[in-house]
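If you read the sequences in order, they're chains Z and H.
Position one of the first sequence corresponds to residue -14 (the numbering used here), numbered consecutively onward.
Position one of the second sequence corresponds to residue 1013 (the numbering used here), numbered consecutively onward.
Everything labelled a hint here was simulated from the structure, so no lab data went into it.
We put the CB at the ideal spot given by N, CA and C, even for glycine.
One thing to keep in mind: the hints can contain errors.
[Unchecked claim] Which stretches of chain Z does chain H cover? Using the computed rule of at least three CB atoms under 8 Å from a CB of chain H, they are:
{"no.": "1", "region": "27 to 33"}
{"no.": "2", "region": "68 to 80"}
[Claimed, not checked] List of simulated lysine-lysine pairs, DSS-like, C-alpha gap at most 25 Å:
{"no.": "3", "chain 1": "H", "residue 1": "K1025", "chain 2": "Z", "residue 2": "K27"}
{"no.": "4", "chain 1": "Z", "residue 1": "K96", "chain 2": "Z", "residue 2": "K53"}
{"no.": "5", "chain 1": "Z", "residue 1": "K27", "chain 2": "H", "residue 2": "K1069"}
{"no.": "6", "chain 1": "H", "residue 1": "K1013", "chain 2": "Z", "residue 2": "K27"}
{"no.": "7", "chain 1": "H", "residue 1": "K1069", "chain 2": "Z", "residue 2": "K22"}
{"no.": "8", "chain 1": "Z", "residue 1": "K41", "chain 2": "Z", "residue 2": "K22"}
{"no.": "9", "chain 1": "Z", "residue 1": "K96", "chain 2": "Z", "residue 2": "K22"}
{"no.": "10", "chain 1": "Z", "residue 1": "K41", "chain 2": "Z", "residue 2": "K27"}
{"no.": "11", "chain 1": "Z", "residue 1": "K96", "chain 2": "Z", "residue 2": "K56"}
{"no.": "12", "chain 1": "Z", "residue 1": "K22", "chain 2": "H", "residue 2": "K1013"}
{"no.": "13", "chain 1": "Z", "residue 1": "K41", "chain 2": "Z", "residue 2": "K56"}
{"no.": "14", "chain 1": "Z", "residue 1": "K27", "chain 2": "Z", "residue 2": "K56"}
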Amino acid sequence: GESVGLHLPTLSVQEGDNSIINCAYSNSASDYFIWYKQESGKGPQFIIDIRSNMDKRQGQRVTVLLNKTVKHLSLQIAATQPGDSAVYFCAENWSNTGKLIFGQGTTLQVKP
Amino acid sequence: KAGVTQTPRYLIKTRGQQVTLSCSPISGHRSVSWYQQTPGQGLQFLFEYFSETQRNKGNFPGRFSGRQFSNSRSEMNVSTLELGDSALYLCASSPSTVRSYEQYFGPGTRLTVT
């Protein structure tokens, strides 16, 4: 079915290091790209979004990069902390509706 | 503000039965979306409701249906349950039509079909 792919199912990093989570998307008509974080036993939590006419957006400790030429999206987390351990999903959206198409997810493991 | 609440949290049903799941969005949120999450298929969009109208629908069979009430609360129904319907069903609400993709998720209802 429809999907936004992720490159790696699992990423393991040392506490304090920077993390980079990648995602490849397929629909060049998507208007928005979003990152969600899902902790065990909880629903996904919105992290950050980027509009298709931008190539970079920064938040608190997170940066999202968008490369439309190769249909690639990445989430960079600075100074990764144990609380960042979760599954990260990229999602795409068009026409600003409530329909999100999610990728398969990357599990981020933070080693102390 | 209270978050999105979903009831029940856990449910066990038998194949062939039907089930109704409930979702209460965050106060003031008028858009509600539903997703199915499974290990194999990941997160898949079911449908979206806004002001009691279905605005979008995913690629699920007609056994999956939903509705939204005037207070924005939403329900989804699955009839003639199949084993493959076992999943975590997530409800999400959005505060704004300007940023409908910014969704606040509930903890989900874990449905097991035996």
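Hint check results:
1. Coverage of a stretch by a chain is defined here by at least three residues with a beta carbon nearer than 8 Å to that chain's beta carbons; for the region 27 to 33 of chain Z and chain H the count is 5, and the condition holds.
2. For the region 68 to 80 of chain Z, the proposed coverage by chain H is satisfied: 3 residues have a C-beta within less than 8 Å of a C-beta in that chain, meeting the threshold of three.
3. Restraint check for H/K1025 and Z/K27: the C-alpha separation of about 22 Å stays at or below 25 Å, so the hint holds.
4. A distance of roughly 33 Å separates the Cα atoms of Z/K96 and Z/K53; the hinted pair therefore is violated under the 25 Å criterion.
5. Taken as a hint, the Z/K27 and H/K1069 pair is honoured in the structure, with Cα atoms around 24 Å apart against an allowance of 25 Å.
6. Note on H/K1013 and Z/K27: the hinted pairing holds, with a Cα-Cα distance of about 17 Å set against a maximum of 25 Å.
7. For the proposed pair H/K1069 and Z/K22, the alpha carbon gap of about 24 Å is at most 25 Å, so the pair holds.
8. About 19 Å separates the Cα atoms of Z/K41 and Z/K22, which keeps this hinted pair within 25 Å; it holds.
9. Taking the CA atoms of Z/K96 and Z/K22, the gap is near 18 Å; set against the 25 Å cutoff, the hint holds.
10. Between Z/K41 and Z/K27 the alpha-carbon distance is near 28 Å, which puts this suggested pair outside the 25 Å criterion.
11. About 30 Å separates the Cα atoms of Z/K96 and Z/K56, which puts this hinted pair outside 25 Å; it is violated.
12. Using a Cα cut-off of 25 Å, the hinted pair Z/K22 and H/K1013 holds, with the two alpha carbons roughly 20 Å apart.
13. As the CA atoms of Z/K41 and Z/K56 are separated by approximately 14 Å, the hinted pair is consistent with the 25 Å bound.
14. For the proposed pair Z/K27 and Z/K56, the alpha carbon gap of about 29 Å is over 25 Å, so the pair is violated.
Violated hints for the displayed structure, listed by number in ascending order: 4, 10, 11 and 14.
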